[in-house]
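*Asks:* Use the sequences and the hints to build the structure in full.
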Amino acid sequence: MSFFFEVLLGGLLAGVMYTMVAIGFVLIYKASGVFNFAQGAMVLFAALTYVSLVERGIAFPWSLAITLAVMLVLGVLIERLVFRRLVNAPPLSLFLATLGLAYILEGFAQTVWGTQVHGLELGISDAPIQAAGVSVSRFDLFAAATAASLVAVLATLFRATRTGIALRAVADDPLAAVAVGIDLRRLWAIVWGIAGVVALVAGLLWGARVGVQFSLSLVVLKALPVLIIGGFSSIGGAIGGGLIVGASEKLAEVYGGPFVNGGIETWFAYVLALAFLLARPQGLFGERAVERV
Amino acid sequence: MNHSPLLEASHVSLAFDGLVALDDVSFAIARGEVCAIIGPNGAGKSSMLNVVSGLYASDAGEVQFEGVRLKGAGELSRKGVARTFQNIALFRGMTVLENVVLGIDFRAHATLVEQVLRLGRAAAEERQGLEEAQVVLELLGIAEHRSEVVGRLPYGLQKRVELARALVPRPKLLLLDEPMAGMTVDEKRAMCRHLVEAHEKLGTTLVLIEHDLGVVMDLSDHVVVLDHGKKIADGVPDAVRTDPAVVEAYVGSFGNGN
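Same order as they appear, the protein sequences are chains B and W.
Taking my numbering, I'd label the letters of the first sequence as residues 1 to 293.
Taking my numbering, I'd label the letters of the second sequence as residues 1 to 258.
Simulated from the structure, these hints should not be mistaken for laboratory data.
We put the beta carbon where it would ideally sit given N, CA and C, even for glycine.
Please note: incorrect hints may appear among the correct ones.
[What the hints assert, rightly or not] Estimated spans, in silico, between C-beta atoms of each pair:
id, chain 1, residue 1, chain 2, residue 2, range
1, W, E62, B, V73, 35 to 41 Å
2, W, L117, B, W62, 20 to 26 Å
3, B, I104, W, E144, 49 to 55 Å
4, W, A15, B, A148, 53 to 59 Å
*Replies:* See below:
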């Protein structure tokens, strides 16, 4: 039985990593109704920037601070240079803009920092710790704690600050928001900035796990089933979806893998998402139907 | 005392794909008055309000507020103009209080970091916002509903919440698009009372579109009548009531109390 719990816990903690990426999507989607395909590129950009700074001998806190600033500025620039010009454009145009943005960011990051694979060491060992007969990776626990803090900060921001209330208002009814004088452009800049910071956190954790390389921008693909299951417009959904995907694919791999020679983990999430699309297209926590793009 | 008009529309024309919505409409609204814009369906009343509030750009003519040309919906709140919509434009998933506080969001200055950490201006701005919201909620008798989610309230209350959100920044001019549409007689009576209170206690100048002519004649000091995009009458309610052109446009509907 303790083996089952170990697998489950390992899966849930892996799910936290998916959640980190998915939250970046949800933020942008809530505020502007755009599926931001460039979120993965932002994750890569953040991790690559941080790792390159560290490799150039800049101390850890400074590298982190500089990368944080870079991501904030990047987010604001994206809003100002791309999306401010596309206000009122149809969702498909916005989506295509994020697609283009993804290529620009990936290309730019690799032009500046090179294409080789970098190791990222956060100084947290991956050694398991034993608790109640279950062993858990120290790094996974650290990642979960980081994610929990991030979610707590975002929740405070959305629930208890004026800007958060305005953000929810924009998500609720953009036209009414304009009518009461809420500054949409300022809010979008803030949301893109926050999405940049979330990308940084996700980039560091994922980078430490799988190395910093081009394929890091493909973690967005794993965020897709998470979003479909949890709903595109809810941070709670991103958390729930991430945990469901993480836990179910690990359990499927461990208990179902031997019958089909393994490899279930790579596709299970997508099949699960497909099932959700058929049965509950708005996701578990979604508020409205997902638009077809 | 300032005797220049608060709002002045001059020679406003607007067409949609050749269909004339407004044809050379001019009128002036004095500070402190209650003005009703009336007219049969399709007369251009809502179009007029949308031009004034910057949602539509007129093809010709201009609208001046306090002697300055109005442009764009975004700057309206800052200048002291608020409006409500015919089909309530509230944030349905949020509470009454949150909706009303959003009415003064544009005035706050604290940065996001200050807000998260509750430093500096943020705390003071937030407290002040809540106080001002509370005053308006009490004035309109909806303070007891402050923590309820707007989408679950009955229609008449939602209309009142929208009025509260529009009033909380203490606008100089409030534009109301059919504030009593779809209300029961009791709800209408309550809404009238609240409009009069807002007008008297907060000194708000009101411009309203309304179909209920009984309400119009009771409430307003000034009536502008539109028909087929043209202004056909403009004056005090008693004069407008007997104006032959108006009677013609309404086919005598004043007489039978409709």
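*Asks:* Hint by hint, note whether the structure agrees.
*Replies:* Tested hints:
no., hint, verdict
1, E62(W) / V73(B): 35 to 41 Å, "holds (40 Å)"
2, L117(W) / W62(B): 20 to 26 Å, "holds (23 Å)"
3, I104(B) / E144(W): 49 to 55 Å, "holds (53 Å)"
4, A15(W) / A148(B): 53 to 59 Å, "holds (58 Å)"
Checked against the numbered hints above, the structure breaks none of them.
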